[in-house]
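Peer 1: Take a look at the letters that make up each chain.
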Amino acid sequence: METTTKSIATIDKVASTNGMTPKYELLGKKATRFGFGEGLVTLGEKYDNVVVLGGDITGSVMTSYFQEKFPDRFFSSGIMEATATLVATGLALSGKVPFFASYGAFAACRNTDMLRISVCYNDANVKIGGGHAGISVGPDGATHQVLEEIAITRVLPNMTLIVPCDFTEAKKATFAMGEFVGPAYIRFGRTDTPMFTKDDTPFEIGKAQVFREGNDVAICACGPMVWEALVAAEELVKDGINARVINVSTIKPLDNATILAAAKECGAIVSAEEHQITAGLGGAIAEVLVKNNPVPMEFVGVNDTFGGSGDPDELMKLFGLTSVTIIEAVKKVVKRKASSK
Amino acid sequence: MSELKFHIYPLETGFHGATRPIPNPDLIAKYNYTSFTPFKNSKDNSDDYIAVAAKEIRRDIIRSLVEAKSGHSGGPLGIADVMATLYFGGVMNYDPKNPWMDGRDRFVLSAGHMAPVLYATLANAGFMEKKELLTLRKLNSRLQGHPGRDMGLPGIETSTGSLGQGMGIAAGMALADKYVSKNNHRVYCITGDGELQEGEIWESAMFAAHWKLDNFCVLVDRNHCQIDGRNPDVMEVDPVADKWKAFGFHTIHINGHSISEIRAAYEEARNTKEKPTCIVAETYMGHPITFMNDDYRWHGKPPNKEQAELALAELAE
Ligand SMILES: Cc1ncc(C[n+]2csc(CCOP(=O)(O)OP(=O)(O)O)c2C)c(N)n1
Ligand SMILES: [Mg+2]
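Quick mapping for you: the protein sequence lines, in order, are chains X and Y. Note that the numbering used here gives residue 44 to position 44 of the first sequence, counting from 1, and the numbers run on in steps of one. Note that the numbering used here gives residue 249 to position 249 of the second sequence, counting from 1, and the numbers run on in steps of one.
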């Protein structure tokens, strides 16, 4: 793959881009799953009807934090993701706010029927945490690197789907998801990824946030790809391209207004996600664009293939999930925009 | 610390327009649905009284199915004695005037295709007007082909229809009652025997036993039939009672058409501590209609006009 031979833009470059003061700088690295775990504890401290179901991987999806703090509201449910989801439905229909977290491979893929009929058709106030999202899972390989849950969950009526971009946002999103009423799914990762938002960075379910202003192209990203998009945007300044970066942390319901404003003002869109290109974030955006304002669009994501074992950084390069690929996509879409004028 | 409050009991949010279907006035008159008074729920009700209720439930199943022109006859008819005992034998605590009251016991029909018996029972208990039974499966009806919580029908605690799911939901309700709300409400669930082939049933069974959900009672409609044939010809489920015992349930094997045995089993379940209970109720699909009895081909079809008349004649007082 072409992208693997090029060096990936490193994190330090963002902070040191000459003349530019990036709004977001690297504050460290921590996996979004820890944000989920901490957010859950904060929620549990405030509300005593928040309960958690454990699926024998609590120390890996970080529900163990809640278990330690609130053992009376933690219920081990063994290795039975489907039943844990059904039990969560029963709890929600009894006025509790149940969270069940597992790897997304099981919480979304194995569970689709439970999510569809028991959770969503019931409009039950069930909260699902889907961990180990994306290729950055690393050495566990394809079975655990889930690349399909955005597609699966966003197609379900009544479902809300949140993909936080970093640790801090994951914490906020988890808390917000608990206070929000209705079925919701949060997608988080295993590997430490850049932390760059702060406690006062705006977050709201259903609202995409513009993290960087620009009018030549808009990069709409979710999860750890938001950082890559910011890195790419700083690099692109050298080519005279001023990119807008949008953190689409809620994929369903999609913030159409922010997307359409970007289409109108930038005239070209690039989506970036650690997920199959098909039916993911890019697909959701394309649906809105085609209907309202079909500007040129390019997609960065996994291209209809399974993952594999390896070191997370190696894998992200190999699968083209870096700022380098985003830069290429931006250049391509900007050219298309120029020629379509 | 505070409680996160949210609206739980269903609103009518589902697939329906401004108006529900209007049942045919001639049929309402023909079936005498205007003069109906609901059956009463009481521990003191005689077995005969419950048998009368079961018979009326069966008639309503036939009436609603023949008008719907599609739907399941066999399972619903076979489980009517159990449903009548649950709702009129003082087993379940409910109030049709206040269907979502806090202290209620819950009922979950895990075998969602048996919806006609649930609707007929709810109507006879006063949860809705009986004439609404004639809207079964019609556009905008609250009586969906499989129970849909989004239709807001009182007494429908959860949507079911994907076999194997309802029991897990019921176990979750029992968990909420026993460990979080810490009340003494009970949760009742009915599964089919073909449904036992679904893996989630056994996951949920393991879960309920692990958490010692003694406020939880599952009843298996053991009619030995499913869609494609008799159970052993499709997939052997025996030994059913031994399986539940092995999974940690207090298990009771009864005749599912004997009201006294059904009552006694539910009483035994209530008095069982530290274990959930499974009642394996031997029934006949389509019971007691002579041309349906024990015939798996009646799993999923409604009677036609003539068959309905024959059936109603068999069910006459
Ligand atoms: C998950 C799932 N698979 C298949 C079906 C289709 N289906 C509906 S009822 C049924 C047979 C169920 O057998 P049983 O539980 O014994 O019910 P009975 O035929 O006795 O009424 C099947 C296969 C379904 N509703 N859900
Ligand atoms: Mg059966």
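Please keep in mind that the hints were generated in silico from the structure rather than gathered at the bench. Do not rely on the hints blindly, as some may be mistaken.
[Said to hold, decoys possible] Below, simulated DSS-like cross-link-like pairs (lysine-lysine); rule was C-alpha separation at most 27 Å, straight line:
hint: 1; chain 1: Y; residue 1: 40; chain 2: Y; residue 2: 131
hint: 2; chain 1: Y; residue 1: 178; chain 2: Y; residue 2: 131
hint: 3; chain 1: Y; residue 1: 275; chain 2: X; residue 2: 252
hint: 4; chain 1: Y; residue 1: 212; chain 2: X; residue 2: 69
hint: 5; chain 1: Y; residue 1: 301; chain 2: Y; residue 2: 212
hint: 6; chain 1: Y; residue 1: 182; chain 2: Y; residue 2: 69
hint: 7; chain 1: X; residue 1: 341; chain 2: X; residue 2: 238
hint: 8; chain 1: Y; residue 1: 5; chain 2: X; residue 2: 207
hint: 9; chain 1: X; residue 1: 46; chain 2: Y; residue 2: 55
hint: 10; chain 1: X; residue 1: 69; chain 2: Y; residue 2: 178
hint: 11; chain 1: Y; residue 1: 5; chain 2: Y; residue 2: 55
hint: 12; chain 1: X; residue 1: 46; chain 2: Y; residue 2: 182
hint: 13; chain 1: X; residue 1: 46; chain 2: Y; residue 2: 43
hint: 14; chain 1: X; residue 1: 69; chain 2: Y; residue 2: 182
hint: 15; chain 1: Y; residue 1: 43; chain 2: Y; residue 2: 243
hint: 16; chain 1: X; residue 1: 69; chain 2: Y; residue 2: 40
hint: 17; chain 1: Y; residue 1: 301; chain 2: Y; residue 2: 30
Note that the coordinates shown come from a computational prediction; the quantities given were computed from them, not determined experimentally.
Peer 1: Could you run down the list of hints and mark each one as holding or not?
Peer 2: Structure-based check of each hint:
1. The straight-line distance between the Cα atoms of residue 40 of chain Y and residue 131 of chain Y is roughly 19 Å, inside the 27 Å bound, and the hint therefore holds.
2. For the given pair, residue 178 of chain Y sits about 37 Å from residue 131 of chain Y by alpha-carbon distance, which is inconsistent with the 27 Å threshold.
3. Proposed proximity of residue 275 of chain Y and residue 252 of chain X is contradicted: the alpha carbons are some 42 Å apart, above 27 Å.
4. Taking the CA atoms of residue 212 of chain Y and residue 69 of chain X, the gap is about 23 Å. The hint holds against a cut of 27 Å.
5. Simply put, residue 301 of chain Y and residue 212 of chain Y have alpha-carbon atoms about 39 Å apart, too far for the 27 Å limit, and the pair is violated.
6. Distance check on the hinted pair: residue 182 of chain Y and residue 69 of chain Y sit about 45 Å apart at the alpha-carbon level, beyond 27 Å; violated.
7. Of the supplied pair hints, the one linking residue 341 of chain X and residue 238 of chain X holds, its CA atoms being roughly 23 Å apart against a limit of 27 Å.
8. Restraint check: the Cα-Cα separation between residue 5 of chain Y and residue 207 of chain X comes to about 24 Å, which is no more than 27 Å; the hinted pair holds.
9. Annotation: proposed proximity of residue 46 of chain X to residue 55 of chain Y is violated, straight-line Cα distance about 52 Å (limit 27 Å).
10. With a CA separation close to 21 Å, the supplied pair residue 69 of chain X and residue 178 of chain Y stays within the 27 Å bound.
11. At roughly 42 Å between alpha-carbon atoms, residue 5 of chain Y and residue 55 of chain Y are farther apart than 27 Å, so this suggested pair is violated.
12. Taken as a hint, the residue 46 of chain X and residue 182 of chain Y pair is honoured in the structure, with Cα atoms around 20 Å apart against an allowance of 27 Å.
13. The hinted pair formed by residue 46 of chain X and residue 43 of chain Y fails the criterion: a straight-line CA distance of about 43 Å is larger than 27 Å.
14. For the given pair, residue 69 of chain X sits about 20 Å from residue 182 of chain Y by alpha-carbon distance, which is consistent with the 27 Å threshold.
15. With a CA separation close to 31 Å, the supplied pair residue 43 of chain Y and residue 243 of chain Y exceeds the 27 Å bound.
16. Of the pairs offered as hints, the one joining residue 69 of chain X and residue 40 of chain Y is violated, with about 47 Å between alpha carbons and a cut-off of 27 Å exceeded.
17. Distance hint between residue 301 of chain Y and residue 30 of chain Y is fulfilled; the C-alpha atoms sit about 23 Å from each other, no more than 27 Å.
Checked against the numbered hints given earlier, the structure breaks hints 2, 3, 5, 6, 9, 11, 13, 15, 16 and satisfies all the rest.
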